[in-house]
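*Asks:* Residues per chain, in single letters:
Number of protein chains: 6
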Amino acid sequence: MSDEAIRKRTKETANKLFGKGIRLNPPYLMWREFDKDLANDFSKFITGNLYSRTVLTLPERQMAACAMLAAIRAGDELKLHVNAALNVGCDPKKLTEIFFQVATYAGMPAVNEALEVYREVLKERDEWPIK
Amino acid sequence: MSDEAIRKRTKETANKLFGKGIRLNPPYLMWREFDKDLANDFSKFITGNLYSRTVLTLPERQMAACAMLAAIRAGDELKLHVNAALNVGCDPKKLTEIFFQVATYAGMPAVNEALEVYREVLKERDEWPIK
Amino acid sequence: MSDEAIRKRTKETANKLFGKGIRLNPPYLMWREFDKDLANDFSKFITGNLYSRTVLTLPERQMAACAMLAAIRAGDELKLHVNAALNVGCDPKKLTEIFFQVATYAGMPAVNEALEVYREVLKERDEWPIK
Amino acid sequence: MSDEAIRKRTKETANKLFGKGIRLNPPYLMWREFDKDLANDFSKFITGNLYSRTVLTLPERQMAACAMLAAIRAGDELKLHVNAALNVGCDPKKLTEIFFQVATYAGMPAVNEALEVYREVLKERDEWPIK
Amino acid sequence: MSDEAIRKRTKETANKLFGKGIRLNPPYLMWREFDKDLANDFSKFITGNLYSRTVLTLPERQMAACAMLAAIRAGDELKLHVNAALNVGCDPKKLTEIFFQVATYAGMPAVNEALEVYREVLKERDEWPIK
Amino acid sequence: MSDEAIRKRTKETANKLFGKGIRLNPPYLMWREFDKDLANDFSKFITGNLYSRTVLTLPERQMAACAMLAAIRAGDELKLHVNAALNVGCDPKKLTEIFFQVATYAGMPAVNEALEVYREVLKERDEWPIK
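Here the protein sequences come in this chain order: A, B, C, D, E and F.
If you count the first sequence from 1, you need to add 127 to reach our numbering.
If you count the second sequence from 1, you need to add 127 to reach our numbering.
If you count the third sequence from 1, you need to add 127 to reach our numbering.
If you count the fourth sequence from 1, you need to add 127 to reach our numbering.
If you count the fifth sequence from 1, you need to add 127 to reach our numbering.
If you count the sixth sequence from 1, you need to add 127 to reach our numbering.
Calculated from the structure, these hints are not laboratory results.
Since the list gives no way to pick out one identical chain from another, each pair is judged satisfied if it fits inside one copy or across any two copies.
In silico DMTMM-like pairs for lysine to aspartate or glutamate, Cα to Cα no more than 20 Å straight-line:
#	residue 1	residue 2
1	K220	E160
2	K206	E243
3	K135	D168
4	K147	E247
Extracted from the complex, chain A is given alone in its bound form (with noise of 0.2 Å):
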């Protein structure tokens, strides 16, 4: 694939997940200001490559990374793609149900931890409580 149609990819992936939703800052900008270049081929591999495969749908990615996100207790991380969750269209519901069942895995305080972060995301996107 050309390095242009990577690009494009990048931005038309990062464009559905974090286009939307919150206001944050997204790590990429931080990157930038530490190597511009490194920054860039980050956000090719991650966006422009992971994030954009097909076998998952992007609903389906979404609810995976939250799940991981939320079991390894990454708050800060977690905002950012349970946003992005509910910007491709993952059913809010079953976010909440992901954040339940991680109590099995990895116990109560990453359960409280992302149920936390969650609800506060809803509630600047003004979609809380959930219907």
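Using the hints provided, position chains B, C, D, E and F relative to the given structure of chain A.
*Replies:* What follows is chains B, C, D, E and F alone, placed relative to chain A:
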């Protein structure tokens, strides 16, 4: 819900998830050797309640469980749940994809440990290589 | 055990652990905002069953819970449980000691985060410095 | 405290904790193969100082150590410390209970890995099943 | 080594690492509020012994410490050690590079949290942007 | 950079890091069995891009990688990278030192698991004991 109903649901869900595929020593049997009553309580709460909920379909729940277990690098538990995922009809290609997607959030050691477990389960189930 | 009996035990144990000391938003209230029935199920299983068991005394259980939460660096949850530990009569000097003993197993970041939370709780309870 | 006194205390505490029960290769021997002086420094600081303190009784300290090691899923180290816990007189039923209580904070993979190690140690000590 | 010599070495190494740059509350001061003697023991063992060793140069040791703290996502401790790394002459560009290299092993949440802390320290030191 | 140039750089860097020492199944071969194209993408991004950068020298990069992998207790991956560290000329005494320095940040289970892996690699390379 009556205790009888919960027992029935526990058994049915356990059967769907763990009743086929590779032979494993389910944690439930170990719990029983330590404390029979508590083993039943855990089983009814986890399998009879959490795993039996219907907000997510069973395949969706298993996809999320596999994503979490890969991310926290819990190989033994992943073995159980990847087998269960295949038992309830998860697409093996989508499971592969989830394990590769772990890279961004939890790094390559998590990816590699998950793929290792997954390949082992597929071989024991005689479903390797994935078609 | 009847559902009524479990509710009663849940309430009694919750009261012993969380009914005094600092004001915190218990996770139970957040769970309820997402799913009222599941919130009750978690509460009955965790507080009414696990926390109400008598193999360990409540102070012994809280010492172990604080040890675990310090080791996995779950500060918000630790705040709840260190307050509960003090409510059920754990010796404040023994809690300090547990947090220092974390050093060998989980390293100094875990020690420091736990002591920080602990000192904050003691101050809010007006029990600082420890006598 | 004189260096001689610390050496004596290190030896006494090491003997109480690790002088009986199952045969294990203590990490100290491995440290020595890499750096003899540093091995002694670690041993004197950890065993002669931290483990020899008296704010917690030795059984209380071991209960907390087992809780932490189970929560962070450090199976090899847990093997050493569960054996030491039994050596200093911890109630085997209370140790079981601690491992089940891990569920709420660190999830079932941590519970299962701890019980697995614990059962193995009890068998090697010929103390299984717990009476 | 005499206790006097260890105290001297502790002080010298603490001064090289933490005597300049941003103002932080060193954990040592918090330890002291809980237990003065134990605080001194930790300080002498960690700073006077481990940090004062000469197998690695101080900048090499700080590079490794920053790599570890980024990988385990211990932001508060990283703040201390990134400041110390700059105090002992680590190349700021190499520190950036280490944080990007975390991606492969511990994933992007670890990278992002580390860069965030690092940028904050650089700004407080008035050394941002890196030249 | 042209795709041809990246392939070449991937191969060269892989050869420097993994072309000597102990025989291991590189994760790349496993990735290929699951998805040939994605395996190449990962390899080019990780080895051809990240590992081939020159801000850190290869030995500096490997020291940092070993520090991270020890801290997150990723033994299999550490085995690969400690072997690679020795292949690119890291001082074996400095690697030992890094693993001991893990104690402060991630605790003794991480130290012990890392030294265990390291000794095993040194023995397989016939470089044990370290001179």
